[in-house]
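Participant: Count along the sequence shown starting at 1, add 1, and that's the number in the working numbering.
Note that these hints are calculated values from the structure, not bench results. Small disclaimer: the values here were computed from a predicted structure and weren't measured. Hints may be right or wrong, so weigh each one.
[Said to hold, decoys possible] Derived DSBU-like pairs (lysine-lysine); straight-line CA-CA distance at most 35 Å:
hint	residue 1	residue 2
1	Lys4	Lys175
2	Lys204	Lys132
3	Lys175	Lys132
4	Lys200	Lys132
5	Lys204	Lys4
6	Lys52	Lys197
7	Lys175	Lys52
8	Lys96	Lys175
9	Lys175	Lys204
10	Lys197	Lys132
11	Lys96	Lys200
12	Lys52	Lys4
13	Lys204	Lys52
14	Lys96	Lys132
15	Lys96	Lys197
16	Lys204	Lys96
17	Lys52	Lys200
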Amino acid sequence: MTKVVNLARHLRQQIEQGRYPVGTALPTEAELQRRFAVSRHTVREALRDLKSEGLVSARAGVGTVVRARAPAASFVHGMGTLEEIIQFGEATRMKLLAHESVVADGALAAETGASEGQELVRVSLLRFRPKERLPVGFLYVYLRPEHSEVIDEIERGSIPVLRLVERRYAVGIKEVVQRILAVALTRAQAAALSGKPGKPALKVTRQYLDGEGRHLMATVGLYPGERLSHNTRLRIQPA
Numbered sequence: 002m003t004k005v006v007n008l009a010r011h012l013r014q015q016i017e018q019g020r021y022p023v024g025t026a027l028p029t030e031a032e033l034q035r036r037f038a039v040s041r042h043t044v045r046e047a048l049r050d051l052k053s054e055g056l057v058s059a060r061a062g063v064g065t066v067v068r069a070r071a072p073a074a075s076f077v078h079g080m081g082t083l084e085e086i087i088q089f090g091e092a093t094r095m096k097l098l099a100h101e102s103v104v105a106d107g108a109l110a111a112e113t114g115a116s117e118g119q120e121l122v123r124v125s126l127l128r129f130r131p132k133e134r135l136p137v138g139f140l141y142v143y144l145r146p147e148h149s150e151v152i153d154e155i156e157r158g159s160i161p162v163l164r165l166v167e168r169r170y171a172v173g174i175k176e177v178v179q180r181i182l183a184v185a186l187t188r189a190q191a192a193a194l195s196g197k198p199g200k201p202a203l204k205v206t207r208q209y210l211d212g213e214g215r216h217l218m219a220t221v222g223l224y225p226g227e228r229l230s231h232n233t234r235l236r237i238q239p240a
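Turn these sequences into a full structure, and let the hints guide you.
Facilitator: Next comes the structure, spelled out in structure tokens:
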């Protein structure tokens, strides 16, 4: 991930310094590969970081175009350890609604961390607390096609999907990129959750990466505000 961070930082600095003014295109992916002696994956991940900050966007027939000179202001909420995510998964049960193959377009690729044009298996689930009939949330899980056999195991116990993938396919999830947004429930979402349209909810998106920063899976969860609170305890370390 160091090469990704360094390349993103360099491009960010050049944009902020006016080397690439707003409205102009960055060098092509191939040019960036040659100039910085990095892989195509590194270039795409660095550009994805800049897109998430609102600095650039992809424009058909033009390439990656600068949208702003400085990152958009945002509130960043820190997350603890991967084990905390796993504990939450173990404390809930899943109901499988459906699964289907999808191809990631630009928006879905940015949300899940997959590559544009990549085939994914989208699994639709409802998440419940033990012994409760009202779902605490709705969840999309995006799996690689070669990992889709875990779908048959989701309802059998309380093992989180990420652990099923790790154990069955001997892969290691080393990093989780999480984003939490406040949204309003649409009519369809409210119907799935037995809620009311327009009510506030938390949209929790997580990208699961291996030790080299490669996409393994992703989840997009929707949780009505009155059914879930996200609490974090921060400990100050001695200097």
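Participant: Is the Cα-Cα distance between Lys175 and Lys52 35 Å or less?
Facilitator: holds, 23 Å
Participant: Holds or violated: Lys175 and Lys204, Cα atoms, limit 35 Å.
Facilitator: holds, 22 Å
Participant: Does the alpha-carbon distance linking Lys204 and Lys132 stay inside the 35 Å limit?
Facilitator: This hinted pair holds, its Cα atoms lying about 24 Å apart.
Participant: Is it true that the CA of Lys96 sits at most 35 Å from the CA of Lys132?
Facilitator: holds, 13 Å
Participant: Does the alpha-carbon distance linking Lys52 and Lys197 stay inside the 35 Å limit?
Facilitator: Since the Cα atoms of Lys52 and Lys197 sit roughly 33 Å apart, the hinted pair holds (cutoff 35 Å).
Participant: Hint check: Lys204 vs Lys52, CA-CA at most 35 Å. Holds or violated?
Facilitator: Distance ~19 Å between Lys204 and Lys52 Cα, so the pair holds.
Participant: For a C-alpha distance cap of 35 Å, please report whether Lys200 and Lys132 respect it.
Facilitator: Holds, at about 24 Å.
Participant: Would you check the hint for Lys175 and Lys132, treating anything up to 35 Å between C-alpha atoms as holding?
Facilitator: holds, 32 Å
Participant: Would the pair Lys96 and Lys175 pass a check requiring their Cα atoms to be no farther apart than 35 Å?
Facilitator: Within the cut-off at roughly 27 Å; holds.
Participant: What's the verdict on Lys197 and Lys132, does the C-alpha distance respect the 35 Å limit or exceed it?
Facilitator: holds, 22 Å
Participant: Within 35 Å, alpha carbon to alpha carbon, are Lys204 and Lys4?
Facilitator: holds, 30 Å
Participant: Taking only the CA atoms, is the gap from Lys4 to Lys175 under or equal to 35 Å?
Facilitator: Holds: Lys4 and Lys175 sit about 17 Å apart, inside 35 Å.
The structure is consistent with each of the numbered hints, conforming to all of them.
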